[in-house]
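**Q** All chains should be modelled from the sequences, with the hints used to inform the complete structure.
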Amino acid sequence: MPPTLRRSSSAPSFSRHQPPRRSHLRRLLHASRRCIPSRPNPNLYPTPLPPTPTPSLNPPEPNDHVDPLMDNANLHKLYARRNPLLSFLELDMYGISQTRNLTRQQILADIRRNANSSETANNHRPHFLNRTPANRYPAAILDHPQSKRERRTSRRTRAATRNSAASPLHFPSANNKRRSANRLSIRDMRQMDPQFPANPAIWIREDAMVVSLESVRAIILHNKILIFDPENDLSKKPIWYIRKRITSNEDLFLPFEFRALEGILLHTCAVLERDFVGIEPQLRQTLGTLPTRITNEGLEMLRLLEQRLNHYYSRVRKAQYALQSVLDDDEDMAEMYLSEKYKTPSLRRNPLDHDEAEMLLETYMQTVDDVTIKAELLNRAIDDTENLIEIHLDTMQNRLLLVDLFITAITTTLSFGTLVTSIFGMNMPLPRQITDLPSSQFYFYGCVFVTLTIMAIGLAFLMRWCRREGIYRGRPPSSKRWRMRKQKSAIMQVSEAVRQQAEEVLAKANKTAHRQQFSWEKKAADLTVRDGRLV
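Quick note on numbering that gives the first Met the number 0: the sequence shown kicks off at 0 and runs consecutively.
Because the hints were derived from the structure by calculation, they are not lab data.
For each residue, glycine too, the CB sits at the ideal point set by N, CA and C.
Errors might be hidden in some of the hints.
Said to hold, decoys possible - Each computed BS3-like pair below joins lysine-lysine, with the alpha-carbon atoms no more than 27 angstroms apart:
id, residue 1, residue 2
1, LYS373, LYS236
2, LYS373, LYS317
3, LYS342, LYS243
4, LYS235, LYS317
5, LYS317, LYS236
Stated by the list, open to error - Pairwise CB distance ranges (calculated):
id, residue 1, residue 2, range
6, ASP232, PRO350, 38 to 44 angstroms
7, ASN248, GLN284, 41 to 47 angstroms
8, LEU451, ILE388, 47 to 53 angstroms
9, PHE405, GLU375, 42 to 48 angstroms
10, GLN284, VAL497, 57 to 63 angstroms
11, HIS310, LEU400, 37 to 43 angstroms
12, SER96, ASN248, 16 to 22 angstroms
13, GLU375, ARG189, 43 to 49 angstroms
14, GLY277, ASN231, 18 to 24 angstroms
15, TYR444, ARG467, 21 to 27 angstroms
16, ASP232, SER184, 43 to 49 angstroms
17, ILE388, VAL497, 45 to 51 angstroms
18, PRO350, ILE388, 35 to 41 angstroms
**A** The following block contains the structure:
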């Protein structure tokens with residue numbers, strides 16, 4: 000509908016048969032310039048919901064390359080998977096709730112319609128309600144071509160502006176492109192879909208806050224909160240926390256979005272503390288019994304508890320990162336004031352003025368940090384216990400090696416006795432030509448000698464290889480022992496000389512100190528008092 004022009008009271012009226020004069024034309028042109036365009040009321044003409052696209056069920060053309068498996072039922076399934084209905088609980092500021100089922104596009108259109116209604120409500124308010132304080136400037140004034148001139152203010156206004164240091168700082172929102180780019184989008188709605196994994200996050204948008212912590216997936220607006228997947232058993236408990244915090248009489252000065260966010264943070268901290276209490280006692284009991292009694296059951300219990308603790312620690316770290324990312328960004332905390340932006344959409348809050356939001360996030364950030372530190376301490380205790388268990392197992396292994404070495408030594412000692420019997424008990428078949436010779440008896444001694452020589456050579460090569468690899472060092476040779484004794488005597492001589500020099504230096508120092516003390520005593524004795532004067 001085109002904007003209608005309201006006719007000013009100063010516009011001239013002409014008779015039907017009287018021609019307009021030149022002065023009347025000037026007045027008419029001047030009056031038309033003073034006409035103010037009035038916007039149509041969007042409440043009278045609400046924006047219809049976007050039509051839901053329906054897949055074409057007509058049979059494909061013969062030239063189209065279509066998979067024969069994609070029949071009508073499969074097309075319906077694919078469309079339902081691409082654009083599913085999301086079930087959510089809508090909870091307003093009075094605690095009244097209703098369950099709705101909409102698609103992503105419909106939810107997004109509803110949220111944007113709710114945000115755009117603030118501009119309409121502010122445009123149709125009475126004139127005395129649209130007055131802004133001295134430290135606020137509407138965006139329309141700065142966007143006007145005549146806004147470059149200095150704003151005329153009275154002495155009283157300038158004094159109030161100069162003395163109002165405690166008032167919140169605001170400045171006009173001239174960057175409308177940035178505000179429109181930061182609005183809620185379709186990819187933000189993916190975080191609310193139960194078909195996708197939930198990643199802990201707190202996203203601040205221009206018209207809403209997207210919160211995903213633990214089992215809560217919610218979108219917070221200035222006057223209501225949308226809690227998704229309400230039929231899930233894990234989502235029923237946070238609904239109770241949020242409703243209780245919204246309807247409570249504590250901190251009524253806080254806006255609705257802060258109370259709803261506090262309910263979600265309260266449930267998140269309660270869940271994290273409850274899970275930690277369920278892990279800590281059993282884990283500490285296991286850590287206390289394992290160092291003294293190492294059993295398979297205890298080690299298996301420690302493994303399961305360590306897996307639970309690692310999963311819990313990853314959850315806590317993600318929640319901590321989500322809160323810390325908002326606390327590190329001043330603009331995000333300033334954008335959290337949704338109620339204020341709804342009331343005054345033409346103004347933008349100063350990024351440094353976010354005390355309430357920072358205090359709210361810092362309070363629950365301390366709780367999350369406390370639980371994170373406790374989980375880290377438990378992880379370190381598990382690592383210390385595992386190291387202690389490894390030391391115990393290494394000690395037991397060393398004892399077994401000593402026992403094995405002792406048994407090997409006994410076996411080696413006994414094997415010398417069996418060597419003699421093995422040597423004299425061996426039978427060597429010799430040909431008749433050799434046995435008839437008178438020197439045939441020496442074949443036995445030669446065989447024994449060759450066997451012992453091969454064993455000695457093999458042992459020598461084995462010891463040499465062990466020394467080269469650093470396994471066995473053995474006793475150093477005589478030349479090396481003589482060199483070591485010489486070095487030791489030289490070191491002793493050097494140390495003796497150094498000791499004598501140190502004694503001489505100390506004696507000289509004592510003599511010097513004694514002389515200085517004697518000189519000071521002599522000077523003090525020379526100072527005498529004669530006739531009441533110091534000489």
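**Q** Output the indices of the hints that this structure fails to meet, ascending.
**A** 13, 15, 16, 18
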